[in-house]
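Colleague: In order, the protein sequences belong to chains D and R.
Plus 40 on top of the position in the first sequence (first one is 1) and you've got this note's numbering.
Plus 343 on top of the position in the second sequence (first one is 1) and you've got this note's numbering.
The hints are simulated quantities; they were obtained by calculation from the structure and are not laboratory data.
Where hints are given, some of them may not hold.
[As the list claims (entries may be wrong)] Label pairs and their calculated CB-CB ranges:
1. D393(D) <-> N497(R): 38 to 46 Å
2. N842(R) <-> A447(D): 34 to 42 Å
3. A265(D) <-> I531(R): 30 to 38 Å
4. T396(R) <-> H427(D): 56 to 64 Å
5. F481(D) <-> E622(R): 30 to 38 Å
6. F481(D) <-> P718(R): 36 to 44 Å
7. E913(R) <-> Y590(D): 40 to 48 Å
8. N497(R) <-> F685(D): 51 to 59 Å
The structure presented is a predicted model; accordingly, all values stated were derived computationally and were not measured.
Every residue, glycine too, gets a C-beta built ideally from N, C-alpha and C.
Now for the letters of each chain:
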Amino acid sequence: MLLPIVGMAQSKLDSLQQLEEVVVTARSYQKDIVPAQQLSGTQLQRLSSHNVADALRYFSGVQIKDYGGVGGLKTVNIRSMGTNHVGVFYDGIELGNAQNGTVDLGRFSLDNMEAVTLYNGQKTSMLQPAKDFGSAGTIYLQSRTPKFEGDKKDNVKATFKTGSFGVVNPALLWEHKFNEKINTSLSAEYMYTTGKYHFTYRTQDGYDTTAVRQNGDVKALRIEAGIYGKVDKGYWKAKAYFYNSERGYPGAIVRNKFNHEDRQWDTNFFAQGSFKKDFTSWYTLLVNAKYAYDYLHYLADPNKDESLMYTNNHYYQHETYVSAANRFTIKPFWEVNLSADWQYNLLNADLRDFAYPRRHTGMVAAATALNFEQVKLQASVLGTFVHDNVTASAESASNKTEWTPAAIVSYKPFKIIDLNLRAFYKRIFRMPTLNDLYYTFVGNVDLDPEFTNQYNVGFTYTKEFGNTWLRYLEIQADVYYNEVENKIVATPTSNFFRWTMINLGKVEIRGIDVAAQTGWQFGKDVRLISRLNYTYQKAQDFTDPDDEFYGEQIPYIPWHSGSAALNLNWKTWEANYSFIYTGERYSSQANLPVNYQLAWYTSDFSVSKTQPFKSSELKITLEINNLLNQQYEVVSCYPMPGINFKFIAQYTF
Amino acid sequence: MKNDYTYIMNCLTGKRYFRKLPLMPALLCICILLLSGCRGELPVLNSEKEYVTYPAATQTIKGFFLLNEGNMGSNKCTIDYFNYQEGYYLRNIYPESNPDVVKELGDVGNDIQIHDGKLYAVVNCSNLVEVMDVRTARHLGSVNIPNCRYITFNGDKAYVSSYAGPVQIDPEARPGKIVEFDTRTLQITREVTVGYQPEDLVITNGRLYVANSGGYRFPNYDRTVSVVDLNSFKVVNTIDVAINLHRMELDKYGRIYVTSRGDYNGIGSDVYIIDSKTETVAGSLGVSANEMHLCGDSLYIIGSEGNNQQQDNHVSYTLYDISLDKVVSSNFITDGTDREIKLPYGLAVNPETKEIYLTDATDYVTPGYLFCFSPEGKMKWKVRTGDIPAHIVFTTENFYYGYNGELPDTPEDNHSPYITKVLDFLPAPGQFVNTSPSYTAGDTQETMNQKAFKAIGENRRGLVSLGGFGGYIVVGFDHTIENKSGLRDFRVIGNAFSNGAGGGSYEPGVIMVSHDSNGNGLPDDEWYEIAGSAHQPDFTETWYGKAQAAGNDVTTHYNYEITYYRPEQEPSGSTEEKEYIHWTDNLGREGYIPKIIYHTQPYYPQWITAEKLTFKGTCLPQNAINEGTADQAYHVLYPFSYGYADNAPYNTAEACIDIDWAIDVSGNKVNLPGVDFIKIYTGVNQVNGWIGECSTEVSGIEDLHILGEKIETR
């Protein structure tokens, strides 16, 4: 169940091998030479999470912005550098959003997810596309790959979830083995929720009001199909993904306005494929390609409310992406990666004076790794070339060329003690999004990219035990210093009816991330896993020394945050308890009482029972979330749900 | 604790101490439960008080309210208040006065006005007009008006512009409306549809003029002013002006000034003049205008030059004279401090003092600033506000903050904390005598007492000057100021200030108190002197050495007596000015109160017919030192440690007096139950070059117990 990974296997990680390891162990990532954290399939389920954003709350150094409820937007911010610096990869290829640069992680269900992995800096694989070097922090979502035990030709998993917020959430997964070389997978999920829940606003000796959250309903359908093939010393796979949803915007709760009615419709489609083969003992090729289409329709007032500005906008995005990555093994301890990517983005919208931007992005990356018994070194450089075209009447941003490096070192001082010291430096940027540059009125084509510099030192320590109650112990801790330069911020112009985007901000982040995990076994049948995370962050704005609030903590970054999770197994029973804590923070850079946000913490509890039948299995789970019914907000004016329940039945055969 | 620590360390180091194992989850659970119990609720936010300037005498305007808009979706619309009489600024007055109003004032303020004792805030994204008591900001009610923008009044009716007119077939064509409501019942009475996205509005001659922006219809902006007849409540005329109209001001000639915001993209902004008599456009000023404010004949305009291009922060501060019909200044900020203003946003001018107020919205997402400029455009002070400070309205009522229950009509026991009578007022000769308060021919002691009361009684915070040594005022109250042990009992407000380096402008006066023991309401009982630091034997102030070196007399003279002689005539020539009013004292000294060039009126109290005036009392050490040179005099006046009037900035503890410090004529401490009368006389006999004689000034006295202020004695 819990095999550690050793030696070369780790240094030769690539996306397929990774999948295999995920099956075996939940905790191989502790020893990565960059800070990495992972939750794998079973653990994900145990943490009573229902989407990817919820799962990420258990990682150190991560802030989730959650606008509440099932339908509310959820974005992730790694080590306070900003949402736009997070790359999200789905089955090895990045999920893009050239329009605004953020991915709503609340939309990704954990139902068919096998692993969620977060890397600070970059993944250290020596066979990866140039794009994988291109973000300050990266999240890899790995969907389930078909695996068949014995002679089984089909795996079917049917799941039904229901509970608070009027959730109806059936899902079906069917995996079929065509032959020894080809497997297929089909997954479909439908989700409906009213998004309604009670919330309370209360002040000490002041008002006390309870209302029902409105306009948070979601209808969403997801269908995914995959085909997985093996070739000699390699594999290929292809996937098609379709997502369609309609949702309300629950909106800010302000005085006298507890209801909103604006709505959004989304359609996302992508098809992607990968091919990998070891052509010789020293050369491996990985090719990726993707096409994506995203449609978004926003309507401000479906009920024709006279008090609102009439807004009815449609946005269309197309993305095409190809990549070739090459690995050369020069010596057993020395590898080189060369990769080249090209991406094309197109954004159309029915906005007035819209610029109709098209963007070509070329990327080349060179990386090398030296792996010795006690020392591992990696260095990489990424070149990025951006060219934008816009409609004739608009002005286009100038071409950009940027070269950005990263360097990683890890050292194992003792041969017999599994203690690894590690350090990395990375400089990377994000391009201004198409909205930043071209949004009618607000955009500014003169924007420069926003850069981040990261410096990190840390260690991992792992110890396995034989027949003690404590079976293993893992600790990792990192201290880091990040800078964000040329931060792109919206600012009012001297003509104060207009805003614009400028490169203005500078942020410095000093932080500590600590994660500890232990595994216990009592007697034959009782197993306990505990997981603790703690983050300290001082994230200060150093934009303008003349500003009264110079050097104060940036909005919504708590100084202290953490989580704890306990998982207890006894025969076919399983119980989980998890606790999430977000400390006090401010909703504005002006750290004043008027902007103070109370700390919040939630306790979630679940219990499940697995009932095996002849060749099938039924698992019933009951979850109670926010056990103490705490009324809290992650974002000011967006109340979160109090105590809520979920019932899950899952049948596999 | 130690066991737990060992245990945890053992776990971490993997030692075999696992017998206590189940403790770990149990401990965790307990911690979590404890922690859960600790999370408090957010308290109701109290206002924040900051003293920003010296107290100022006021005429009818007592202060102003400032509305901070707050960013959309943040529910951070707030109201601040400035008090002229005390020079303080209060941030965010609404929550503490209205703890029961759910989610406070609301989301995005857009206008604030006062009418007939009520304060109205138009809260745009909360779709309501909040109606408050202007004296307390207590919620009286609210009127729901979707997407409301600006408000004006006519008689008992309020008129509010709103974007939310009736829905038409074309969803993009949504005309706005004017909503009329009754200010007594707060019920909506009538509505009339006007142009697209109407903004500011004015009323003249029974007609309402509203500026239509069409801001939701970019690039097809509206360009009209709708004219509504208030009798029929119908649109009777539509005046074509210019695109994207916004603010309006009405002048005394019946002309309406209306700003056009332009299209932010080529077409610039401007101010157009509409003649309300002919309802035609009479012309435009040709100046860039984001915001404007009319005060008397002066139209103050903030504009930004050029069009929408980024990083263009050239701002213009235009002053236009409506009677001359011309721009008289292209920058009414004259000291260069406009460079400190990142994003000029709101604008107002005090109609009495002509002080100019400009707000800085900075970056919209952190608090802004309010700048106060003198009428000449020099910055006087600056204070932090809420987010996006924008709209200012002046009030003639006193404002009582933090009243969330009973109204202050009935303060505790119905007693006034302030001076309710002036019983005697006799200044010694001095440079402000006959001006503060001013003497006019025919005034008697009686009328001068009344004038003194009008200046400083009932918290009016004017100023009376007591002239040279011995000049005094005797005041009374409508109750006995209680002597509470351990606490200071009353505050004497003067005009002292600190130079931040130990000295400043301190003109100490001796305080005497009297208890109305015979109950006849007259100050004919025993008087006791408050023994301040200079009354203490062997007490020395740190500046005595310096003062002695400068030739000052630093002895406290008890039973001092001084006589001033009426000058035979007003002086002419510098010798006569130096030897203006002769005095002699009981120590065998003599001298003169000189006439100084800044104050030319007679210095001898004109309502006094006697040829000489004699004053008795305790003469304090001379506290003024010329720290400049003989030619370039710079007089620094040092304070005594405690116990005198006009001897400490009024907002410090040392402006407050403990009745327990009173002594009798023999110097023995007395125990008074309280005091009914207070006398203050100038305590120093010293002439300080061009700044004139040391003269104590008094602008008010406050009963700290009624005000609920607890200030410990020393």
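Colleague: Could you see if the CB distance from D393(D) to N497(R) stays within 38 to 46 Å?
Modeller: 41 Å, holds
Colleague: Can you tell me whether the CB distance of T396(R) to H427(D) sits inside 56 to 64 Å?
Modeller: 57 Å, holds
Colleague: Take a look at whether the Cβ-Cβ distance between E913(R) and Y590(D) falls inside 40 to 48 Å.
Modeller: The hint (40 to 48 Å, Cβ to Cβ) is violated, given that E913(R) and Y590(D) are roughly 59 Å apart.
Colleague: Between A265(D) and I531(R), is the Cβ distance one that fits in 30 to 38 Å?
Modeller: At roughly 59 Å between Cβ atoms, I531(R) and A265(D) fall outside 30 to 38 Å, so the hint is violated.
Colleague: Is it true that the C-beta distance of N842(R) to A447(D) lies inside 34 to 42 Å, as the hint says?
Modeller: At 58 Å between Cβs, range violated.
Colleague: Looking only at beta-carbon atoms, does the pair N497(R), F685(D) fall within the given range of 51 to 59 Å?
Modeller: 57 Å, holds
Colleague: Confirm or reject the claim that F481(D) and E622(R) have a C-beta distance inside 30 to 38 Å.
Modeller: 34 Å, holds
Colleague: Is it true that the C-beta distance of F481(D) to P718(R) lies inside 36 to 44 Å, as the hint says?
Modeller: Since F481(D) and P718(R) have Cβ atoms about 38 Å apart, the given range 36 to 44 Å holds.
Hints 2, 3, 7 from the earlier list are contradicted by this structure; the remaining hints agree with it.
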